[in-house]
Amino acid sequence: MIYLDYAATTPLDERVFEAMLPYLKPDGLHGNPASTHGPGFKARAAVEAARRQVASLIGADASEIIWTSGATESNNLAIKGALEFRGLPKAGKPAHIVTSKTEHKCVLDTCRHLETLGARVTYLKPDADGRVSPEAVMAAITPDTALVSLMWVNNEIGAVNDIERLAPSLRERGVMLHVDAAQAAGKLAIDLAAVPIDLLSLSAHKLYGPKGVGALFVRRKPRARLSPQMHGGGHEQGMRSGTLAPHQVVGMGAACALAAERFEADIAHWSGLRDALWTRLREVPGVLRNGPAEGTRAAPHLLNLSFPGVEGEALRASLGGIAVSSGSACSSATAEPSYVLRALGRDDETANASLRFSFGRKTTLAEIETVARTVIEQVAWLRELSPLPRTW
Amino acid sequence: MSELDDSNPFGYAPEIWRLFQRAPNAGSFADDVQGVVSAEAGTPAARSVLRLALRFDGDRVVDARFRAYGCPASIAVGAYIAGWAQGRNPQELSLLKAADLRAALEIPEDRAHCALLGEDALRAVLTRYKEQQA
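Protein chains in written order, with the working numbering: chain B, 1 to 392; chain U, 1 to 134.
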């Protein structure tokens, strides 16, 4: 089996695993970080060290990091919490959110939920490369706009939104900006000391950390204020109650430290693999590259291609020894064509016949060559098998 | 199938997986082959199209080919019918129903349309055969 689905999730890095172990062993460090005694203080120290590691990866202050269960929770907390703090949506008090059609489901569904409560949401259509321009966002702003929520890197196609240029414009207009950076952290340079983002979501398992833990950056100056969505003991500055899981947060901290340390090498490795695979697969007649055009800014770790003339499920089955995603992992379960590719203008059949290849630290050029050869063979075989006229 | 494709990670029924991987009788007959009757069922929009070609010698099928665009179950249905039809006459061919295909290939409920695709394609071939005989 060749695993090329690192954008769905990564394995734990060995060093992350080792860092987590002391907090999982029966005779290990089991203290509750909120407790005021020796074991509690030890756990607390580990949690705070991890907080600094996460903050360091994104140019933030440790006090601006709130632990969550993952990017889905971070996105929910950011969007719902920001509106709720402002008493929105409320009858007679309009609330407007600007987002895009190609956000992750957890942002779209959160926005749809707020629509049922009375909020108005503008879902911007991306350009042909999958980007939403700062100009398009600014044009959608109204006096009632309470929040813009835009992903930094699209999880399916690797399009990179120009958040660096958008954020100052929104700050100037006094509109809060939330950025889903689950696919951006460790893949592109993030410096929140320089880019005025108010809220930013992170996930550990996309960068060799454990599943089940994430973080939300909440800016302190100027203070981004949120209403908690999880009520309880007032943990995490009152923004997210619940006993912290030290093994998880230590894992996320270690993963972020590793991502920072390996940043240049990772990016060179992934983009080299991406370009090598594209060089081979562009030989397939009619193949379409989804997302950023070659030579433009793109996420280094993934490549999304459509193979017109083959049926998607048969294509995936014919590649049974290769773990790749059709669209995103989340949408695969529904067997519906990817809404991201549909938003780019791909028809249902083409969107269905699309594969997302994503690369990891241990992916080798030899694996890329095997995958390329297999895909070329199988697409040719399925096309040969098809009674449909050649349209590609 | 590919060098990597020795597993069945999607959990297809064994017969579907076997026929999808090997696709016996895939292809079509050359234009100058005599006695071939072919017909198609399904639509690209529904992501399943099956073309069946049966070569008759008298009233017996002596060879068969299929082409399919669709999921592995659709492809397996095409391969199964192309194999099953050989040696049979039109009366016998008319007895094959979607339920038989579902039983033979263990096609689950949510893929019942693949079996119907097979029945439709076979019925279309028989209709054309009768038209040609008339």
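Calculated directly from the structure, the hints in this document are not laboratory data. A few of these clues could be false.
Stated by the list, open to error - So the derived list for chain B, only partly shown, Cβ under 8 angstroms to chain U, looks like this:
# : residue
1 : 292
2 : 294
3 : 296
4 : 385
5 : 386
Unchecked claim - Computed Cβ-Cβ distance ranges for the label pairs, DEER-style:
#  : chain 1 : residue 1 : chain 2 : residue 2 : range
6  : U       : 133       : B       : 112       : 52 to 62 angstroms
7  : B       : 285       : U       : 9         : 26 to 36 angstroms
8  : U       : 57        : B       : 276       : 45 to 55 angstroms
9  : B       : 285       : U       : 43        : 50 to 60 angstroms
10 : B       : 285       : U       : 62        : 33 to 43 angstroms
11 : U       : 32        : B       : 380       : 48 to 58 angstroms
Unchecked claim - Below are the SDA-like pairs computed for lysine to any residue, each with C-alpha atoms no more than 25 angstroms apart in a straight line:
#  : chain 1 : residue 1 : chain 2 : residue 2
12 : B       : 90        : B       : 288
13 : U       : 97        : U       : 26
14 : B       : 90        : B       : 112
15 : B       : 362       : U       : 9
16 : U       : 97        : B       : 387
17 : B       : 211       : U       : 45
18 : U       : 130       : U       : 108
19 : B       : 221       : B       : 55
20 : U       : 130       : B       : 55
21 : B       : 101       : U       : 45
22 : B       : 362       : U       : 45
23 : B       : 101       : B       : 42
24 : B       : 211       : U       : 9
25 : B       : 42        : B       : 18
Beta carbons: idealized from backbone N, C-alpha and C, even for Gly.
Do the hints match the structure? See the list:
1. Checking residue 292 (chain B) against chain U by beta carbon gives a least distance of about 28 angstroms; that is not within 8 angstroms, so the hint is violated.
2. Contact between residue 294 (chain B) and chain U, as hinted, is not supported at the beta carbon level, the nearest pair being about 27 angstroms apart and thus beyond 8 angstroms.
3. The interface hint given for residue 296 (chain B) is violated, since its Cβ lies 32 angstroms from the closest Cβ of chain U, which is over the 8 angstroms cut-off.
4. The beta carbon of residue 385 (chain B) is positioned within 8 angstroms of a beta carbon in chain U (closest approach about 5 angstroms), and the interface hint is therefore held.
5. For residue 386 (chain B), the suggested interface contact is upheld, since its CB lies about 4 angstroms from the closest CB of chain U, less than 8 angstroms.
6. Under the hint 52 to 62 angstroms, the C-beta atoms of residue 133 (chain U) and residue 112 (chain B), about 59 angstroms apart, fit the expected range.
7. For residue 285 (chain B) paired with residue 9 (chain U), a C-beta distance near 28 angstroms keeps the hint of 26 to 36 angstroms intact.
8. Here the CB-CB span from residue 57 (chain U) to residue 276 (chain B) is close to 53 angstroms, well matched to the stated 45 to 55 angstroms.
9. Restraint check, residue 285 (chain B) to residue 43 (chain U): a C-beta distance of roughly 24 angstroms breaks the suggested window 50 to 60 angstroms.
10. Separation of residue 285 (chain B) from residue 62 (chain U) is about 35 angstroms and conforms to the stated range, judged on CB atoms against 33 to 43 angstroms.
11. With their beta carbons about 26 angstroms apart, residue 32 (chain U) and residue 380 (chain B) fall outside the hinted range of 48 to 58 angstroms.
12. A C-alpha spacing of about 45 angstroms is found between residue 90 (chain B) and residue 288 (chain B), which places the hinted pair above 25 angstroms, so the restraint is violated.
13. Between residue 97 (chain U) and residue 26 (chain U) the CA atoms are separated by roughly 21 angstroms; this keeps the pair inside 25 angstroms, and the hint holds.
14. The straight-line distance between the Cα atoms of residue 90 (chain B) and residue 112 (chain B) is roughly 15 angstroms, inside the 25 angstroms bound, and the hint therefore holds.
15. Distance check on the hinted pair: residue 362 (chain B) and residue 9 (chain U) sit about 22 angstroms apart at the alpha-carbon level, within 25 angstroms; holds.
16. Of the supplied pair hints, the one linking residue 97 (chain U) and residue 387 (chain B) holds, its CA atoms being roughly 23 angstroms apart against a limit of 25 angstroms.
17. Under the criterion of a C-alpha separation no larger than 25 angstroms, the hint pairing residue 211 (chain B) with residue 45 (chain U) is inconsistent with the structure, at around 38 angstroms.
18. Only pairs whose Cα atoms come within 25 angstroms are accepted, and residue 130 (chain U) paired with residue 108 (chain U) is rejected, the gap being roughly 32 angstroms.
19. Among the hinted pairs, residue 221 (chain B) with residue 55 (chain B) is consistent with the structure: their alpha-carbon atoms are about 15 angstroms apart, no more than 25 angstroms.
20. Our distance criterion of 25 angstroms between C-alpha atoms is broken by residue 130 (chain U) and residue 55 (chain B), whose separation comes to about 76 angstroms.
21. Simply put, residue 101 (chain B) and residue 45 (chain U) have alpha-carbon atoms about 24 angstroms apart, close enough for the 25 angstroms limit, and the pair holds.
22. For the hint linking residue 362 (chain B) to residue 45 (chain U), the alpha-carbon distance of about 39 angstroms lies beyond 25 angstroms, and the restraint is violated.
23. The suggested pairing of residue 101 (chain B) with residue 42 (chain B) is violated, with an alpha-carbon distance near 44 angstroms, which exceeds 25 angstroms.
24. A distance of roughly 23 angstroms separates the Cα atoms of residue 211 (chain B) and residue 9 (chain U); the hinted pair therefore holds under the 25 angstroms criterion.
25. Note on residue 42 (chain B) and residue 18 (chain B): the hinted pairing holds, with a Cα-Cα distance of about 17 angstroms set against a maximum of 25 angstroms.
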